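Chains as they are written, first to last, in our numbering: chain R, 1 to 292; chain X, 1 to 292; chain E, 1 to 292; chain V, 1 to 292; chain F, 1 to 292; chain D, 1 to 292.
No lab work stands behind these hints: they were computed from the structure. Be careful, since some hints might not be right.
Which copy is meant is left open, so a pair is good if it fits within one copy or across any two.
Unchecked claim - List time: in silico EDC-like cross-link candidates among lysine to aspartate or glutamate, alpha-carbon distance up to 16 Å:
#1 Lys57 with Glu279
#2 Lys263 with Glu54
#3 Lys31 with Asp113
#4 Lys277 with Glu147
#5 Lys89 with Glu177
#6 Lys285 with Glu146
Since we're looking at a predicted model, the values are computed, not measured.
Protein chains: 6
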Amino acid sequence: MKFFANFLVIPLAWLPLQAQVFTFTHEDMLKYTAQNPFERFADGRPKAPDAILEKVKGLSAEEVWAVLPGAGFRNQYEGNFRILHPNRKLVGRAVTAQFMPARPDVAGVMEADAKAKGLRDNGNQRVLDMLRPGDVLVVDLFGKIEEGTIVGDNLATYIYAITGTGLVVDGAIRDLEGIQPIDMSVYCRGVHPTPIRNVMLTGINVPVRIGGATVMPGDVVFGDSEGVYFIPPQVVKQVVDKADETHIHDQWTQEKIKTGKYKSTDIYPSPRDPALKKEYEEYKKRKLEEQK
Amino acid sequence: MKFFANFLVIPLAWLPLQAQVFTFTHEDMLKYTAQNPFERFADGRPKAPDAILEKVKGLSAEEVWAVLPGAGFRNQYEGNFRILHPNRKLVGRAVTAQFMPARPDVAGVMEADAKAKGLRDNGNQRVLDMLRPGDVLVVDLFGKIEEGTIVGDNLATYIYAITGTGLVVDGAIRDLEGIQPIDMSVYCRGVHPTPIRNVMLTGINVPVRIGGATVMPGDVVFGDSEGVYFIPPQVVKQVVDKADETHIHDQWTQEKIKTGKYKSTDIYPSPRDPALKKEYEEYKKRKLEEQK
Amino acid sequence: MKFFANFLVIPLAWLPLQAQVFTFTHEDMLKYTAQNPFERFADGRPKAPDAILEKVKGLSAEEVWAVLPGAGFRNQYEGNFRILHPNRKLVGRAVTAQFMPARPDVAGVMEADAKAKGLRDNGNQRVLDMLRPGDVLVVDLFGKIEEGTIVGDNLATYIYAITGTGLVVDGAIRDLEGIQPIDMSVYCRGVHPTPIRNVMLTGINVPVRIGGATVMPGDVVFGDSEGVYFIPPQVVKQVVDKADETHIHDQWTQEKIKTGKYKSTDIYPSPRDPALKKEYEEYKKRKLEEQK
Amino acid sequence: MKFFANFLVIPLAWLPLQAQVFTFTHEDMLKYTAQNPFERFADGRPKAPDAILEKVKGLSAEEVWAVLPGAGFRNQYEGNFRILHPNRKLVGRAVTAQFMPARPDVAGVMEADAKAKGLRDNGNQRVLDMLRPGDVLVVDLFGKIEEGTIVGDNLATYIYAITGTGLVVDGAIRDLEGIQPIDMSVYCRGVHPTPIRNVMLTGINVPVRIGGATVMPGDVVFGDSEGVYFIPPQVVKQVVDKADETHIHDQWTQEKIKTGKYKSTDIYPSPRDPALKKEYEEYKKRKLEEQK
Amino acid sequence: MKFFANFLVIPLAWLPLQAQVFTFTHEDMLKYTAQNPFERFADGRPKAPDAILEKVKGLSAEEVWAVLPGAGFRNQYEGNFRILHPNRKLVGRAVTAQFMPARPDVAGVMEADAKAKGLRDNGNQRVLDMLRPGDVLVVDLFGKIEEGTIVGDNLATYIYAITGTGLVVDGAIRDLEGIQPIDMSVYCRGVHPTPIRNVMLTGINVPVRIGGATVMPGDVVFGDSEGVYFIPPQVVKQVVDKADETHIHDQWTQEKIKTGKYKSTDIYPSPRDPALKKEYEEYKKRKLEEQK
Amino acid sequence: MKFFANFLVIPLAWLPLQAQVFTFTHEDMLKYTAQNPFERFADGRPKAPDAILEKVKGLSAEEVWAVLPGAGFRNQYEGNFRILHPNRKLVGRAVTAQFMPARPDVAGVMEADAKAKGLRDNGNQRVLDMLRPGDVLVVDLFGKIEEGTIVGDNLATYIYAITGTGLVVDGAIRDLEGIQPIDMSVYCRGVHPTPIRNVMLTGINVPVRIGGATVMPGDVVFGDSEGVYFIPPQVVKQVVDKADETHIHDQWTQEKIKTGKYKSTDIYPSPRDPALKKEYEEYKKRKLEEQK
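All chains should be built: construct the whole structure from the sequences, respecting the hints.
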C-alpha cells in the first residue's frame, strides 16, 4: 500500500481491551456512527478507505469548509495550535483519547479493571497500543501544558512508526528537538519539559472535545497550516466531489484576475458580464468532463 | 427537614431515563463510587446525609484543603468564577452534566433515543428534571459564554425551588438581574444575553471536568467566596472531624496573636516555647472533650 | 419633568459647532437615522420621548434581547465593563464620541478649524459641552486605560449635573473615589490615575464602535448589571410592547415552578399539558387586558 | 516602471464612487493631508513618488523610528501581527478601509446609495476595486478573526495582481495555504476558515485605526519582520535622508566592535576617546560625500 | 497614640537580624534613602511621622498623582489588584520583602545563616517578625497565585494586630473567608487554597518591584479603591500641601458645575471668563487662609 | 580555542567595578555558589570549563530535565520566549543583570557611585562592558516590551563579538532585521522599535528571576528550541554523565519501535519481556564501555 509503504511490519492482532470510565461498546460505536458509508474496523470504528484519504490530502481548507457548515457541522474546526511541519498535510482516521485531572478513587477502579484484563499498568500509554496505520491520535488533555505532555521523542517515534501520520493534542509534547526531525505532523498547544502527571486516561474512542470541536472516532482528520478539521465520514465524499468544482472555479478566476483587466467585483465571486459568465460555464463543463 | 423546610411539595417519582452518549448504568455508578460510606439514591448516586451537609456548611476552605491533598485528591478545587451571593455557602450533592459542541449526527441519535423513551425534546433541560432537594447542579459547558447560558431567571427559579442550593457552571447564565434577587449561590464564568445554542447535552451523572477539577456524581459540593471544592463522599467525614481540631488551633493561635506579645514565629504554625506548647496541648484536649 | 427634576437650570442654546474629521451634517443625520419614529433635536439626532425612556427603565436585559436579533440587530450589546452603580439602570439617548491615537497633522487641522469657529482649545472636552438632559455620553477610546481617562471627578460631576444619566466609555476614568459617591452609572474598561493624553477627538455624533457594538447618535442606551444595549429608536416601541407579554409569561411560569409540582420541561419554555396551556393562555389574555 | 514591471495591463479608469458613511470629499482630503509635499491622485490622496518608495524599501525599522517620534508622530507603529513573508519588505501608499459591526439600518442606507450610483452589491469588495499599482490596502476590521476574513486566495491574488505589494488587516484572512505561495506581504491578526460576515464597510480612504496607530490615506506603509510603520508623506524625505547617516554610523560602529578592542561604552552610542571621535567624524564626512 | 490605640501591647525589642541574599546594611539604607526628611528607625528605615500619615489618609489618588510624575517619580503606582475592604484607605510605612523561585543551593546558604544567628527555620515568616505599628508589608511574590499565598487567616491576624494597617502582595492569600472579617486592607493578585511553597525569601527591606512600581523601605504606602501608590518620604509633604489647593479648586469647580449654568469648557480645567477667574482666585485665597 | 576561534582579540583587563544597589562582593559570590566544583573568575563567579560547555551543547532538553528536579532544582526552566535562531543551541556561563522601574532617588545614588568610580554615565550598558568569551547575558527586564529593549543591532553585534554566544532577556530587543543576520541565539519576550527607557540597572551578577526560574551568576545556560535551562554548576557533570545513558536507551528503544513489531507498552519506558530486557541490558553495557 502506497500510503504507508515504508512501514512494512505491522502488529497483527489488537485486542481492543479497554479499562476506561468512558468506553463505547461495539453497539455504541455502530449507533453513534450509523451514517458512516464505509467499512469498519473490528471495534466498529468507521474506516474511510485509503483511496479517499489520498484525495483528502489534496484538499484545501476552503474546500473542506465549503461543505461542513452547510451540512450542519459547524463545530469541526479548531485552530490556535503550535504546529510542527505545518506544510505536511495531516490526514487519517481519528482515534480519540480523553484525559481528566486524576482522582485516586476513579483512577483506582480503572487500574484494577486493567489489571484484571491483563493490561500493563502504564495507563497513559494504553491508547498508543491501539493505533494502526492511517490512524491519527486525537487527545483531549484539556489544554494542560506543564505535566500535560502526551509524548516525548520515544513515543512520538512509536506513533509515527505505526500510523505514518501524526498527532493532535489539546495539551503538550516533550522533547521538541527529538520530535522535530521526525517528519510527523504535530498539532499541540505547547511544549514543556515535564513528563505527563496528575491526569488519568478516562476514554478511548469516544466523542472528545478539542477546543470548540467535537471529534468522533473514525472522523477523517485534515490538518493544514491553519488548523485541524474533523470531517465526519458521511460527508467526506461530498467534500471531495465539491472540491473539484471549487478547484476549477478558482483556477479560472485567478487566471482572469492575473490579466489585470478586471475589477474584483467583475469577476468574484462570480463573473458579472453575461459573456464572461458563459465563458466560465463552458470552461467548467469542459474541465469537469476531463476529470471523469 | 430543616434544610429545605420551605419547599414543601416535592415531585415524587423520577425515572432516571437518560438519552446521553455518556451514561452511567446503576452498576457503573456503584463501581466508580465504591468507597462511598453513605446511602445511595435509586440510581446509585451517593447520598451524603443531610446532617453531614449541615456540618459541611460550617467549614472553611482551609479546613477542606487540610485533608484533600493529603488523601490523594489534588484536583478537587476550582476558582476563577463569577460568584452570585459569595457569602452564602453552597453545599449539596453533585448532579453532573456535560455538554459538547453540537454535531447533528451525534445529537440526532440522542434525540431519537429520547423520543423512544418518551422524553421531551428540549434536550438541554433534561438534567434539570432530575434534580432533587439538596442537589447541586454541576455543568461542564467548556467555558462557553456567548450562547453558553445554562439558565435564565425562569430555570434558575426552578433549580432553587427544587434543590434549595445553587449552581456551578463552567459556562454562563442569562438574565442576571432576574437571578440576582433569588437567594441562590451561582458560580459561573460569565453572563451573556444570548440563549444557549449550538451545544448538545452528552452526559448526566458521569464524571465531568470543571476547569482543573474532576467531579463525580454524589460529590459533596462546597462553595465559598474563593471558589468551589468537590469533596468525594469517602473523605467528607475526615474533613469534618479534622476541622474541629483546626478550629481549636486557630482560635487559640489568634487569641495569642492578638495579645501582641509574640512574634509570628513564636506562635505559628505551632508554639515554639515549651511552656506555650504545653498550654496549647492542654487547651486543645479540653476543647475537644467539650465538643464530644 | 420627573426624570431630571433635580436639575433646574439648563443651558439654553447649543451651537452644534464641530471641528472633527468625522462630522455628520444635518442631512447625514436624517439619512442614516431615517427610520426614527420620534422627534429630533435641532441637529437631527433622534429624540426618543421621555415617556418611552421611563418605560425602558423598567425593562430587563432578556426583554431587550428578545427583540433585537430578530429585528436584524445582532451587534447592539457589549459586556466586559467595570460598572459603577450596577444596580442603577442607565437609560438615555446616545451622544457619541470617537477618539483616535493622536497625530499632529490631523489634530492640527481640527484645532485650526475649532479656533476659526471660536471653540475653546481643550479638544477632549468639546463633546461634553454638547450634552443635554437625558443624554448618555458614549465614547470610543479604543480600550485605552493608561492615559485613556475620559473624565475625573470634576467632569463626571459635570456630566451628571447636565444629563442626570451616566457614561459609557471604551476606555477609562480617573479619580474613582471622587466619582463613586456621585450616584451616576458608569461603564468603563478600567481606572487609572493618568490624565488623558496622546489622543485626538475625531468624531461627535457619528457612528462609533464600542467593542462589538455599533452605536448611532440617538440610540436608546440601556445599561444594567450585565452590560449595555444600544437600541435603535425604530425598535424601542416593539421592545417595550413585547416586554409586557414576557413579564406575564415569566410571572406565571415562576409561580408554577415555585409550587414544586412540575418538572422543568412540563412548564418551560411553555406548558406541555393542554390544560395547563389553556390556563396560561387565559391568564395571559386577562393580564394583557388589565394592562390596557 | 521597474516597480511593477510584471503587471502589464492596468485598468485605466477608476470612478472613486463611494457609498460609505465616512467619506472624504476631495476637499477633505486636501485639507487633512495639506502638508503632503508630493503629487496627488485624482481623489486628492497623496502620491509619494515611486523613486521615494524604492528608497524606503532599503530602510530599517530603526531608521524610521529615528525620525517619527521626534517629528511628533508617536502613534505610527503597530506590531503583534501574524506576518506572511516577513522578510519581504512591504512598501507602498496606504489605501484605507474601515469596517464596523453590521446594523441593518446603516448598512441599508449605504447599499441604497451604492445601488443609486450603479455600484455592485457586494459591499465588502468595493474597496478592492479602487486599488492601483503601489497601493497597500490597510483595513480596520477591529481585530475580528472569526468571520473577519478580508480575503481568501482569489481576492488575495487580485490584490497582488493589481498592487504588487501586500495587505495590512486588523482582522483575519482565509485560505492560508492558497495565499502563502503568492509572494505577497500580509500582516494580519489571525487566520480562520469562515468567510467575512456580520460587518459593514463604513469608510474608504478616511483616517483608520490599526491597533495603536492612526493611518491616513496616502501614508507610506513600511512593513518589516517586526511590524508596520505608517509614515506621513511630509516626513518621508527626512526619514530617508537621516537613514544615510545612520547607515554610516552603524557600519563604522560595528566594524570597530568586531575588532574586539573596545568595551561597549567606549564606542556606543558614540566614541568616547577624542581620537576615535575624530576618526569617526572624518569617516562620516567622506562617506556622505561619496553618496552624493 | 490615636492611630493604633487599640493595640496596646507592642513587642519591645527587634533585632533586625537578617539572613537574606539581598540585605541592606544600615549604611546602605542611609545612602539609598538619603533624601528622607524624617526620623529613622534603628535600622535606618525612614519613619514618616504619624501626623503625616494621618494627613495622607485624607488624600485622593488624584492629589497623589498631581505631584509624583512632576517630581520625576513615574513608577510609583500599581493597579490590577484584588482588594479586600477597598473603601478603607491603606496608609503606612513600607516594609518590603522579596521572594524568588526556590533553589536549594541559595536557600541552603540562607537557612544556614539564619541558624547561625539563632533565627527560627520557617523562612517565609521572618519578615513578619520585623513588623511594627504603622508598617505596611509589601511583598514581591512575582504574581504567583497557586502556592504563592503569603498568609492565611492566622498570619493575617498577626499582621493586623501588630501593624493596624494591611498588606500589599504581588501574589496571593489563603483563607479568604477568615481574612475578610478582619477589618484590614489587602491588595493581592488572587486567592488560592494552597499554602506557600517552592519559593525562598531573598530580601527584606530592600527595593522591590510590585508590577510596574519600585518600592523602597520607608515609602509611604497609600492604597485606595483604585490601587496602591508608594510615595517616597521626601515628596510626602509636597503632596499633602498641594492637596489642600486641589481640594479648594475641585470644591469651587464642582459647585459651579452643579448650578448647570456653564458648559464644561467655561469652568474646567480653569474658568474662561475673566470675572469668574477673579472670583475663583479670591475664593482660593480666602480658603487657603482659613486653613492656616 | 575552537569555541571562539573567530574572535581573536579579546579585551584583557576588566575591573569589576559596580555601582548597583544589589552587588555581590567576592565573599558573597563564594558563599552563594559554594558548591561550584570548577574554577572561578577573578570576581568569584563559577567558570565551568570550555570542555564541559562543549559537552552541554550535545545535550537534549530531556537529558537536562532528567537530572534537575531530582536534584531539588525545580525552577531552572523558562519557556514562552520569542527565539531567534532556535536551532542554534545557546550554551555558556550566565552573567546576570537586573533592571527595575526607574526612580530618581535610587538611580541618582547609583549614578553618583558610578561617577565616583570613573564609570561612564550610560548605565544600561555597564553590564555589557563586563562580558567575556563564553558568557551568556541573562537580563531581568520584568517582561517590559515597549521601552524595554536591552539592545539594538549595534550592541547585539557587541555581545556576539565578545561572547560568541547569545542573550536571554525577559524583555525585548530592537532592530530585529539588523540582529537576525547575526548568527546569535536570542531569547526575548518581544520586539519593539522604542529604545530602552524609564528603567534603572539595579544588579549585576546577583541572583535574578527570569519568569519562573532563578538564575545565579555562573549557571550554565542551555537554550534550545523549547526554552532555556539554567544549570547550577554543581550538577552539570551529573547531567552530562546521565545523558550518555539516556542516549543509549533512546537509541535502542527507537530502533526497536521502528521495527513495528511491538506495542508501545512492550518497549517503553522499559522492555516488558525478560528476553528483551536482557538484550537491552547487554546493549547498554556494551555501548557504555565503547564510550569510555
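Evaluation of the provided hints:
1. Lys57 with Glu279: neither (30 Å within a copy, 41 Å between copies)
2. Lys263 with Glu54: Neither: 37 Å inside a chain and 26 Å across chains, both beyond 16 Å.
3. Lys31 with Asp113: between (25 Å within a copy, 10 Å between copies)
4. Lys277 with Glu147: Answer is neither: 58 Å inside a copy and 28 Å across each miss the 16 Å cutoff.
5. Lys89 with Glu177: Answer is between; shortest inter-copy Cα gap is 11 Å, intra-copy 21 Å.
6. Lys285 with Glu146: Classified as neither: same-chain Cα gap 55 Å, cross-chain 34 Å, threshold 16 Å.
In summary, the structure is inconsistent with hints 1, 2, 4 and 6 from the numbered list given earlier, while agreeing with the others.
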